[in-house]
Structures are given as structure tokens and as C-alpha cells.
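First to last, the protein sequences are chains Y and H. All the letters of the first sequence, read from the start, carry residue numbers 1 to 111 under our numbering. All the letters of the second sequence, read from the start, carry residue numbers 1001 to 1108 under our numbering.
Incorrect hints may have been included.
[Said to hold, decoys possible] For the chain H half of the interface with chain Y, some residues (derived, Cβ under 10 Å), not all of them:
no. : residue
1   : 1004
2   : 1007
3   : 1034
4   : 1044
5   : 1046
6   : 1094
7   : 1096
8   : 1098
9   : 1099
[Said to hold, decoys possible] Calculated lysine-lysine pairs in the DSBU-like style (CA-CA distance at most 35 Å, straight line):
no. : chain 1 : residue 1 : chain 2 : residue 2
10  : H       : 1073      : H       : 1009
11  : Y       : 57        : Y       : 14
12  : H       : 1073      : Y       : 9
13  : H       : 1015      : Y       : 57
14  : H       : 1100      : H       : 1065
15  : Y       : 9         : H       : 1022
[Stated by the list, open to error] Here are the in silico distance ranges between beta carbons for each label pair:
no. : chain 1 : residue 1 : chain 2 : residue 2 : range
16  : Y       : 19        : H       : 1107      : 39 to 45 Å
17  : H       : 1012      : Y       : 59        : 45 to 51 Å
18  : H       : 1012      : Y       : 65        : 26 to 32 Å
19  : Y       : 22        : H       : 1042      : 16 to 22 Å
20  : H       : 1026      : Y       : 38        : 20 to 26 Å
Bear in mind the hints are in silico, worked out from the structure with no lab data behind them. Note that beta-carbon positions come from the ideal geometry of N, C-alpha and C, so glycine has one too.
Here are the chains, one letter per residue:
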Amino acid sequence: NAGVTQTPKFQVLKTGQSMTLQCAQDMNHNSMYWYRQDPGMGLRLIYYSASEGTTDKGEVPNGYNVSRLNKREFSLRLESAAPSQTSVYFCATGETGYEQYFGPGTRLTVT
Amino acid sequence: AQRVTQPEKLLSVFKGAPVELKCNYSYSGSPELFWYVQYSRQRLQLLLRHISRESIKGFTADLNKGETSFHLKKPFAQEEDSAMYYCALGDGNNRLAFGKGNQVVVIP
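Produce the entire structure from the sequences given, and follow the hints as far as they go.
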């Protein structure tokens, strides 16, 4: 079992470019989450999906869109990347009880 | 809105010395609190949760509702405890609000 996988691991974009971060889980969890991790800011929730077919905004959704493609996959899209979106992005899954299982992260740099 | 405060960004301790990471929260309901840990080059993972009242890797954390705190403690730090630690608060909808994190460095 791979748990939670994310692709790519690293990405460099130029301002204005778009990209999609992929997340997949084999844990059969209903809930999936996208976070960004910035120095001194901790982990901040971008979007989450409580179940297949539903998505909701988190704390910092501006500049991002998400798709819950099916129960396994939850993608995060940057339509027009900005330097402020330089960050490490984590996908996570969970069921009831708040224990969340995290992916390895994607390190994104926007120049 | 719920909020989690971790006041110290960086904590350096000598091996064998006690470690205490402070976490304060604000929440109108009955809180569910957690500590997550991220070791170097590893994924963020759950360390412990208040409802379990367990000790993991020598760490304990007690929920103090009067002081709205959930401090993480270990009596004798080990080098393998060097990591980033996050306090997190459940919001009642399967979402977590994380604090800004504490970087712990254990000096040999």
C-alpha cells in the first residue's frame, strides 16, 4: 500500500504558468485535503473534500481550484501561478477522528 | 473561529534535558487536540491525540481546559526527537487547524 502519493515532487514555474498537482490515496478514506506549508506560517488548508463529488474552501483558497475526480484522487490546480504561491504543498486523507495521513509533498517554486 | 498558538518557533535543547512545547488554543466547543510531527525527509504524521491520553516516544500532552493549553512534554530529549512539531485543533467537521509549528533541535 502506497498510502498517499503526490506528483510531481518538485516543480519550477514561471509567473502566469499553470499546473496541476496530483494526489492519490489507496486508504479508502472519504476526506481529502490540500495544505500549503510556509516557513513561519505552519500548515494552512487550501481546499478539502469531505467525500467524492464535494469540495469546500479552506483558509487560503484564492488562486487555486480543485477537483475530486473520484474517491481516490484529488487534484489541485494553479491557473496562473504567482510568486506568492511558492510553497510546499501537502495532500492528506482522513476519516473520522481527525487523524490525517499525509503525502510526501510537492515543492513548488514560482519565479 | 478556532485558533492555535505555538509561541516559540525554534527550540534548542541538550540531549537528556526536558522538552516542553507550548500550545494554546481558542475554541468555543469541546476541543479535540493533536500533536503532529515531521521528521527530516519524512511525512507529517500524528504523534498523539488528547483523547487517547497515551505516551508516544516518551512524549505526553495534557489538555488543560482552564488554561486552554495542550503542551507537549518529554522529560529527557533524544537526538531523534529533532523535528518540526505542530499542534492541531479539530473544528468539528473533520478539519484541522494547525499552529505555526515548533522546530526542535536536540544538541548532542
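Tested hints:
With its C-beta approaching chain Y no nearer than about 8 Å, residue 1004 of chain H sits inside the 10 Å limit, and its interface hint holds. Given the 10 Å rule on beta carbons, the hint for residue 1007 of chain H is violated: about 13 Å separates it from the nearest Cβ of chain Y. The interface hint given for residue 1034 of chain H holds, since its Cβ lies 6 Å from the closest Cβ of chain Y, which is under the 10 Å cut-off. Evaluation of the residue 1044 of chain H hint against chain Y yields a held restraint, the C-beta minimum of about 4 Å falling below 10 Å.
A distance limit of 10 Å between C-beta atoms decides the matter here; for residue 1046 of chain H the minimum to chain Y is near 5 Å, and the interface restraint holds. Annotation: interface hint on residue 1094 of chain H holds; nearest CB of chain Y at approximately 5 Å, less than 10 Å. With its C-beta approaching chain Y no nearer than about 6 Å, residue 1096 of chain H sits inside the 10 Å limit, and its interface hint holds. Hint status for residue 1098 of chain H: holds, given a least beta-carbon distance of 4 Å to chain Y, under 10 Å.
Because the beta carbon of residue 1099 of chain H sits about 6 Å from the nearest beta carbon in chain Y, less than 10 Å, this interface hint is met. Under the criterion of a C-alpha separation no larger than 35 Å, the hint pairing residue 1073 of chain H with residue 1009 of chain H is consistent with the structure, at around 16 Å. Of the pairs offered as hints, the one joining residue 57 of chain Y and residue 14 of chain Y holds, with about 25 Å between alpha carbons and a cut-off of 35 Å not exceeded. As the CA atoms of residue 1073 of chain H and residue 9 of chain Y are separated by approximately 33 Å, the hinted pair is consistent with the 35 Å bound.
Between residue 1015 of chain H and residue 57 of chain Y the CA atoms are separated by roughly 42 Å; this puts the pair beyond 35 Å, and the hint is violated. With a C-alpha separation of about 21 Å, the suggested pairing of residue 1100 of chain H with residue 1065 of chain H holds against the 35 Å cut-off. With a C-alpha separation of about 32 Å, the suggested pairing of residue 9 of chain Y with residue 1022 of chain H holds against the 35 Å cut-off. Residue 19 of chain Y and residue 1107 of chain H have their C-beta atoms about 40 Å apart, which keeps the hinted 39 to 45 Å range intact.
Remark: the range hint 45 to 51 Å for residue 1012 of chain H to residue 59 of chain Y is contradicted by a beta-carbon distance near 30 Å. At about 41 Å, the beta-carbon gap between residue 1012 of chain H and residue 65 of chain Y misses the expected band of 26 to 32 Å. Restraint check, residue 22 of chain Y to residue 1042 of chain H: a C-beta distance of roughly 21 Å satisfies the suggested window 16 to 22 Å. At about 22 Å, the beta-carbon gap between residue 1026 of chain H and residue 38 of chain Y stays in the expected band of 20 to 26 Å.
When the structure is compared with the earlier hints, violations turn up for hints 2, 13, 17, 18 and for no others.
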